[in-house]
Each structure stands twice: as C-alpha cells, then as structure tokens.
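Asks: Let the hints inform the model, and build the full structure from the sequences given.
Numbering-wise (our numbering), the sequence shown opens with residue 98 and increments by one.
Calculated from the structure, these hints are not laboratory results.
Source: prediction; values computed, not measured.
Note that beta-carbon positions come from the ideal geometry of N, C-alpha and C, so glycine has one too.
Warning: the hint list may mix true and false statements.
Unchecked claim - With a cut-off of at most 20 Å between alpha-carbon atoms, the simulated EDC-like pairs for lysine to aspartate or glutamate come out as follows:
| no. | residue 1 | residue 2 |
| --- | --- | --- |
| 1 | Lys330 | Glu135 |
| 2 | Lys248 | Glu440 |
| 3 | Lys699 | Asp737 |
| 4 | Lys297 | Glu134 |
| 5 | Lys759 | Glu735 |
| 6 | Lys612 | Glu577 |
| 7 | Lys759 | Asp798 |
| 8 | Lys635 | Glu668 |
| 9 | Lys644 | Asp634 |
| 10 | Lys571 | Glu599 |
| 11 | Lys324 | Asp358 |
| 12 | Lys699 | Glu493 |
| 13 | Lys751 | Asp714 |
Stated by the list, open to error - Here are the in silico distance ranges between beta carbons for each label pair:
| no. | residue 1 | residue 2 | range |
| --- | --- | --- | --- |
| 14 | Glu433 | Asn389 | 24 to 34 Å |
| 15 | Asp353 | Asp535 | 30 to 40 Å |
| 16 | Arg421 | Pro540 | 31 to 41 Å |
| 17 | Asp423 | Ala402 | 14 to 24 Å |
| 18 | Ala636 | Pro578 | 40 to 50 Å |
| 19 | Asp353 | Asp255 | 34 to 44 Å |
| 20 | Ser708 | Asp662 | 17 to 27 Å |
| 21 | Tyr732 | Asp781 | 22 to 32 Å |
| 22 | Pro540 | Ala402 | 45 to 55 Å |
| 23 | Thr642 | Glu433 | 48 to 58 Å |
| 24 | Gln504 | Ser708 | 26 to 36 Å |
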Amino acid sequence: MKTNKFTALFVLAGAVSLAPTPSRADVKTDQAIAKAEEQFAKGKPDDAIKSLVKLATGTPSVEAYLALSRLQEMNGAGDDAAASLAKAVEVSASATPTLKAQALAASAQLSLRNGTGAAALDMATKAVAAEKNGASLGTLASAQARTGDAKAAHASADAAIAAGATSSLAHAGKGDAFTASGQAAEAVGAYRKAIELDPKNISAQVGLVYALIASNKAAEAKPIALKATEMDKSSGAAFAALGYSISAEKKFDGNDPSWSDAIAQAQQGVFLAPKNPQVQMVVAKLFEARGNYDQAQVAYQAALAADPAYTPAKTAIIKNNFVRGDIDGALKAAGELVKANPESPEANKMYGEFLARKGQYKEAIAPLEKATAAMPTNADAWAILAHSYHMVRSFEDGKNAYAKAVQLNPTNNEIKSNYGLLLGMSGDPDKGALVLVDLINSPGYKSAAGFANYGWVLSRVKPPRAGEAIAAYKKAIELEPNNAGLYFGMGWAQYYAQNYPESIAAFEKSGAMDKAYFAETRGAVGWCQYFMAVNADKANPNFATTKAAIAAAEGAGRPDARLADAVARYEKAIKDGQAAQIAAEIERQKHEAAEDAIDIGKLSRQLQTGSIQQRVDAANALAAAGADAAEILAYALETDSVVVVRQAAVNSLKRMGPAARKAKPALIRYASTQPIANPRAGADEMRLEMMESDMRAVIRDIINRLK
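Replies: Encoded structure:
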C-alpha cells in the first residue's frame, strides 16, 4: 500500500493570537500599552519595549507583562518574552480568575511555539482550572493536540467554542484537534473561522497553511504563509510554513529549482525558532524530498532535542529506520512509542501498519482500530485495518472497513477489489458482484485480483454463476499464471459448477505451487470426493477417499467438521435403510456453499454474546478455522458458564488436532481445576456433572496428543 509521506499532517505549534482578548486594566495601563503597540508598528521596537518595561516594573500588572512579552517575542527576544510571561503568571496569583487564566494560557501558547508539549499542557490545564473560557479551553485543545490526544483535544475545543463562540483561540484549538485526527478539510474551516475572528492570529494562519496542503490545495496555502511572514517577521513557524508550501506547490519534488527557496525559508524558520519542533520537522521533510535522509535525521533529532516527547518526530525517525531495513528494531520502537503515547493516532497507525507488514495481522487490529477511531478520514489506516480483518478471517468487519476505505479513496482499485470480495465473504455476494463487474470493466483494468475476486463472488450468488466464475478465473490466471491463489479460487469455481475432477486438479495444483494452500485445500478436495462418491453410487457410496481427505485436513490443522458429519450421517442413513432420503437431501446441498469462508470475527462475537444455541453453533463452526480459532475456543472454555457450550468448544479443539496447540495453556489450566461435587445433587445436576467429567477426560486426551 503506497503512501505519500509528504502529505502527513503536523500537530501544530499552538493557536496564539498576537492580540489576545484583554481583561480590563486601568485607563493609564490601557493607554500605555496602546502607545507602545503604536510605536512598535511604526518601526520603533526598542522604544516600545522600553516603555512597557518601565510600565510593568513601575506598576506591575498581568496586562502590562503580557503586552511586554508579546512585543519582545515579535522583536525576536524569546528568552525575554518567556521571562515577562513568567512575571505575568506570578502577578496573576493575586489577580482575578480571568486574568490568571489569561496569563497561564499565554504561557502555554509560548511553550507550544518554543517549548515542550508537556509544559504547554501543564500551563493550559492550570489556565482552565483558573477559569473555563474560550481562550483557556482552546489553548488546552491545542496542547492536547500537540501531545497526541486527539480525542481530548476535540472535547476541549468543543467546550471552548461553547464557552466563547467569538474566541479565535477556541476555533484555532478546534483546527488543531482536526489536524491531530487527520481531518484536513474540517481543519481548514476551523482555522478560517479563527482568522476571521482575529486576523492577527499567526498560529491559525500557519495551521491553515498545513491544512490546505493536506487537502491538496497548495496553491491556496502559499499566499497565506507569505502574508503570515509579513505580519510577523520573527515567526519561525510562519517561515517554515512558507517553505513547506513552496515545496508543496511542486509536489515535494526535491529536484525542482524551487526546493532551494523552500529550504531557505524553512531554515530561516529554524534560525528564528530553534526550539520549535514543528519547524525542525519541516526542514527534515524537505531534506527527505531531496533524498538526503542523513540531514533529515539530524533535523528530526533537533526536533526531539526541542521537545523529547514530540511524537511526530519520533514517528518519523522510526519510519526512516523501517525504510532503511531495520524492521525488527522499528517494530519494537513503534510498540514502545504506543505504550508511551497510547492516545496518539499516528503512533497507533504506524505500529499497526508495521505489525501488518510483518504478517502479525491479529496483533495489528487493536492499534489500527484505535487509529481509525481517532483519524476517521485516514484512508490508509482504514485500508490496512480492512486487510488485517481479512487476513484473520473477520469478514464482516473487513467489509465495513473496506467500505470506509473505498469512500475515502474511491480511485484505489486494489481497495475496491478487496471490498467486493469481502462483501461476498460476509454474505452479500450480489452486491460484491456489482462492485467488481464495474471495476473489471473500467478502462484499462488488467489486475488479476479483480477478476479472481469477481469469480469468487459469482460462485457464491444464488444460484451460482459457475460458468462466468470459471471464465473470470481463467482471465486472472492468464494475467498471473504463477499465482497459486488463483488456482485455489478456480478450484471452488469448478466445485460450484459440479466439475469435481477439474476442481480437485485445480486444488492440487494450488497446494503444489504454494505449501500455504495445501492445508486450505484438503477439506475442499474432500467435498469433491464426497460428491463424486455419492454420484457414483447413491445407495452405497464408497467414502474411502473422502475419509482420507478428512484425515489429511485434520492433520494439516484445517479440520472440516461439516464434511465429517456429512459422511457420518450418510453412513448412518444407509445403515437405517434411508439412503434414498439422504441422497435427495445431498442433491440439494450441492448448490450450497461449503465452509471455505469462515468468518472468525463474526463467530467469535456470536460465541461471546449469542444465545446458548448460537454459542454452541459458533463453537462447532470455528473448528473449520483451525489454529486461527484455537485461542477463541480456549477462551470460551474458561469463561462460558454453560457446559454444553464448553463441550462444543472442546470438541472443536479435538477435531483440530495439532492446530489446537495455542489452546494448550488454557486446556491445562482447566484440567488442573477441581470441580466441587454437590452430595445432594438432583438428577439434572448429576447429569451436568457427568457431562463435565466426560469433557475433562476429552481435555486430558487433547493435552496428551499435543505433547
């Protein structure tokens, strides 16, 4: 699955207005601040700052120190600005709750621009504790977005807007929350509203630049970034955004002549704001565009030096290591990052993707579910999650995830092809066929996957369109003649056409070409042998080859309980003189699907939450899933309160043979417990105790066989 790494969103440095909403000061202070700001605007920064220093030291107030800090930062004196903010916070201890919240929020905003996310979150939390208003809650949202908690950021931003709908900081906080959750289009709207309420809100303008670029609107982003640099010539974040937008216009082509201008602007941003990790990230991304990964790594490290907990930089470094071939190291680092930042959507997405790429699909699902919940519009995350569901045979979940992925990325034919297949696997082959026929008939389509998936769903519609399915598989094999999976699919298409010898030949070729298909095809071959035996002699079929196939399936860890039961029922019917009746029943069954598509996810949920009979049915059906279902059945054995459900789980594990190995620890634990007998038990209770005793004997037998 290909991803354009240069469209990744940044968690913004925070929403700060150059003119925060003032609280009432005395008239003299108001006038002095207004005069200083006028001097600054006229190009006399030293005079302006000198007058505010005199005001703040002579008549200490929150308003004076906030105004002084603001002008000092705009004049490039970051350390002086921080010191003035510290004085504002100190003075606010005896001020009104509104002034205290304002001072603390301003301190948090400065930390977002030139400090750590942890410091910003601490100050923003204190600001909200002092007073909940649009500015304090909006700042908290920005801090939470910076530290990777998108869910909390959205909640705080919504509260901010509710508390102060006209607060620029509230809407900028919502923009940061949208950015953290990967919702670029929504972020654009929030930032535009913030700028409308305060045209001097530079951080909102910077946020808008990145959101527009992520929305594929780089041409709109560049003029906004340029304007931000003109409004505040000391804003490193604005210059970095300008550099990023210049490169974005050329689709991050590191060989384009514009790259030199882009990197120059970004490095000017670093010069002005060396402690801003987002600015360092831009430099790193531009070096990556150039193919200079060593310098990119240096910039990423600089971002971490500025903020050791900055998740985007950590994620980027881990991804670089993964690309360079340190897969195991990157996977371990990603897992540690998720532990340290459990709410980070980007960290969870990366960890889930790495697990999926390593084939650990079951383990990948949890972080990917968390990532998609926090980033509901991230097409890549949904596609990887859908594929992981597919690979663990949770078809209904996979169908729903692919539907979302198709909605978000309608031009991706691979996703659309898998969506059509999962529709069929989850019980809606007619809809799947419609999706796939549209795909394979699209101009220039030549992927074997689409034709194979179309053949699969055509085999499952009622009645099966077997001839068309075979034709679709022939086209797929023509495109990829060495793909064992296509012969596996052809085997089922031939099966539904009742061409049993041809079906067996296709299954055997599939298993010979790829050992992974050998286990999957044993039960399928058995079904073909079963119907061939019945067709040859309905009164007394010879099931010898069928039983050999059943044994082979069990030995391979893919037992087919349904086939074994079908043989046993037929033989019993012959013994009872009812061969004609069961032969008629079998004739009808030829058009039913064999259990080649076990929806483990659906059956697992049924096993946990269904009625008693539904749980029994689910436990029986999971036998055909082999090793993939062993742990699920083991969990039911240890947790279900109904003995008949536990019996069904144990019987399925017994049928699995060696494939039940993952259930062995649970089986040992269960066998080691001593049930308490009731000496006054009635007939029903005694019957249940006997069932429990018989089941434990079976469990001990399974354990011995697994040694």
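Asks: Compare the structure with each hint and give your call.
Replies: Comparing the hints with the structure gives:
Taking the CA atoms of Lys330 and Glu135, the gap is near 17 Å; set against the 20 Å cutoff, the hint holds. Distance restraint check for Lys248 and Glu440: the Cα-Cα separation of roughly 8 Å lies within the 20 Å cut-off, and the hinted pair is therefore satisfied. Our distance criterion of 20 Å between C-alpha atoms is met by Lys699 and Asp737, whose separation comes to about 17 Å. In summary, the hint linking Lys297 to Glu134 is supported, as the alpha carbons are separated by about 13 Å, within the 20 Å threshold.
Of the supplied pair hints, the one linking Lys759 and Glu735 holds, its CA atoms being roughly 14 Å apart against a limit of 20 Å. Distance check on the hinted pair: Lys612 and Glu577 sit about 18 Å apart at the alpha-carbon level, within 20 Å; holds. Between Lys759 and Asp798 the alpha-carbon distance is near 16 Å, which keeps this suggested pair within the 20 Å criterion. Distance check on the hinted pair: Lys635 and Glu668 sit about 11 Å apart at the alpha-carbon level, within 20 Å; holds.
In summary, the hint linking Lys644 to Asp634 is supported, as the alpha carbons are separated by about 16 Å, within the 20 Å threshold. Between Lys571 and Glu599 the alpha-carbon distance is near 13 Å, which keeps this suggested pair within the 20 Å criterion. Distance restraint check for Lys324 and Asp358: the Cα-Cα separation of roughly 16 Å lies within the 20 Å cut-off, and the hinted pair is therefore satisfied. With a C-alpha separation of about 7 Å, the suggested pair Lys699 and Glu493 falls inside the 20 Å cut-off, and the hint holds.
For the hint linking Lys751 to Asp714, the alpha-carbon distance of about 16 Å falls within 20 Å, and the restraint holds. The given range of 24 to 34 Å is respected by Glu433 and Asn389, whose C-beta atoms sit roughly 27 Å from each other. Taking 30 to 40 Å as the suggested C-beta distance range, the pair Asp353 and Asp535 conforms, at roughly 38 Å. A beta carbon spacing of about 38 Å between Arg421 and Pro540 agrees with the range 31 to 41 Å that was offered as a hint.
For Asp423 and Ala402, the hinted distance range of 14 to 24 Å is satisfied, since their beta carbons lie about 22 Å from each other. At about 43 Å, the CB distance of Ala636 to Pro578 agrees with the hint of 40 to 50 Å. For the pair Asp353 and Asp255, the supplied restraint of 34 to 44 Å holds, since their beta-carbon distance comes to about 41 Å. A beta carbon spacing of about 22 Å between Ser708 and Asp662 agrees with the range 17 to 27 Å that was offered as a hint.
At roughly 27 Å, the beta carbons of Tyr732 and Asp781 sit within the given window of 22 to 32 Å. At about 52 Å, the beta-carbon gap between Pro540 and Ala402 stays in the expected band of 45 to 55 Å. Checked against the given bound of 48 to 58 Å, the beta carbons of Thr642 and Glu433, roughly 53 Å apart, stay inside it. Between Gln504 and Ser708 the CB atoms are about 34 Å apart, so this pair conforms to the stated range of 26 to 36 Å.
Of the numbered hints listed earlier, not one is contradicted by the structure.
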